[in-house]
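J.: What follows is the residue order along each chain.
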Amino acid sequence: ELKVEQNPLFLSMQEGKNYTIYCNYSTTSDRLYWYRQDPGKSLESLFVLLSNGAVKQEGRLMASLDTKARLSTLHITAAVHDLSATYFCAVDFLSSKLTFGTGTRLQVTL
Amino acid sequence: NAGVTQTPKFRVLKTGQSMTLLCAQDMNHEYMYWYRQDPGMGLRLIHYSVGEGTTAKGEVPDGYNVSRLKKQNFLLGLESAAPSQTSVYFCASSYTMGHQLTDTQYFGPGTRLTVL
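These protein sequence lines map, in sequence, to chains A and B. Just so it is clear: in the first sequence, position 68 is 68 by my numbering, and no numbers are missing. Just so it is clear: in the second sequence, position 74 is 74 by my numbering, and no numbers are missing.
Chain A with its partners taken away, still in its complex shape (with noise of 0.2 Å):
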């Protein structure tokens, strides 16, 4: 069975202070989707990772690949308010279509 698991859950951040937050998936696959969603709005594309050892990074937010694992992180560097949302990775299993964890809720507190 295809499966993609987001955890935490829910991760309150201070502001300033680093987290990481992990996607871990089921089988074999190179290619995996970070996406942003704000409350009440569309999914936007953060990363793609296509290889494994591929890191992306854009601001405060760094992510990576390692496929033998099946993992992937987002790492929030000096997290502030405006990276409140939800975080979505979702993993191309070779099947023309993604399988989505089921995010990860931030919310950066002063």
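Everything labelled a hint here was simulated from the structure, so no lab data went into it. Every residue gets a Cβ at the ideal spot worked out from N, C-alpha and C, and that includes glycine. Take the hints with a grain of salt, since some may be wrong.
Claimed, not checked - Think about it this way: if two alpha-carbon atoms lie no more than 16 Å apart in a straight line, the pair counts; the simulated EDC-like pairs of lysine to aspartate or glutamate are:
id	chain 1	residue 1	chain 2	residue 2
1	A	56	B	26
2	B	70	B	26
3	B	70	B	52
4	B	14	B	79
5	A	68	A	30
6	A	56	A	30
7	A	41	B	38
8	A	3	B	59
9	A	56	A	66
To be verified - Residues from chain A shown here face chain B by an in silico Cβ test under 10 Å; the list is partial:
id	residue
10	6
11	7
12	8
13	20
14	22
15	41
16	96
17	97
18	98
19	99
20	102
Position chain B against the provided structure of chain A, taking the given hints into account.
T.: Using the frame of chain A, we list chain B on its own:
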């Protein structure tokens, strides 16, 4: 360039009524998808299409039908709506999946559907 658009944005149906949701994209994408999003469950794929005239079932296809008569449009139909179909529906499109560095799915704004 409007990207992915969805019609309507909101709809309230009574049990047993039918309706069609329209998704349109102007990016010349081959692949199109319909998802539903429910609290605590992420996005679940209903149906998808890898090209004009082709459709395939996703994870939760029961109670829905789709058609892709034109490359730029993907229609989702509910023949007899049920309260369990109350959800937010997202359409997405992409060139292909994973074959190019820029490949990703682009999402529409969503349709909020309530079935009473």
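J.: All hints, please: hold or fail.
T.: Hint check:
no., hint, in the structure
1, A:56 / B:26, "violated, 28 Å"
2, B:70 / B:26, "holds, 12 Å"
3, B:70 / B:52, "holds, 6 Å"
4, B:14 / B:79, "holds, 12 Å"
5, A:68 / A:30, "holds, 9 Å"
6, A:56 / A:30, "holds, 14 Å"
7, A:41 / B:38, "holds, 14 Å"
8, A:3 / B:59, "holds, 12 Å"
9, A:56 / A:66, "holds, 13 Å"
10, 6, "holds, 8 Å"
11, 7, "violated, 13 Å"
12, 8, "violated, 13 Å"
13, 20, "violated, 20 Å"
14, 22, "violated, 15 Å"
15, 41, "holds, 8 Å"
16, 96, "holds, 5 Å"
17, 97, "holds, 5 Å"
18, 98, "holds, 7 Å"
19, 99, "holds, 8 Å"
20, 102, "holds, 4 Å"
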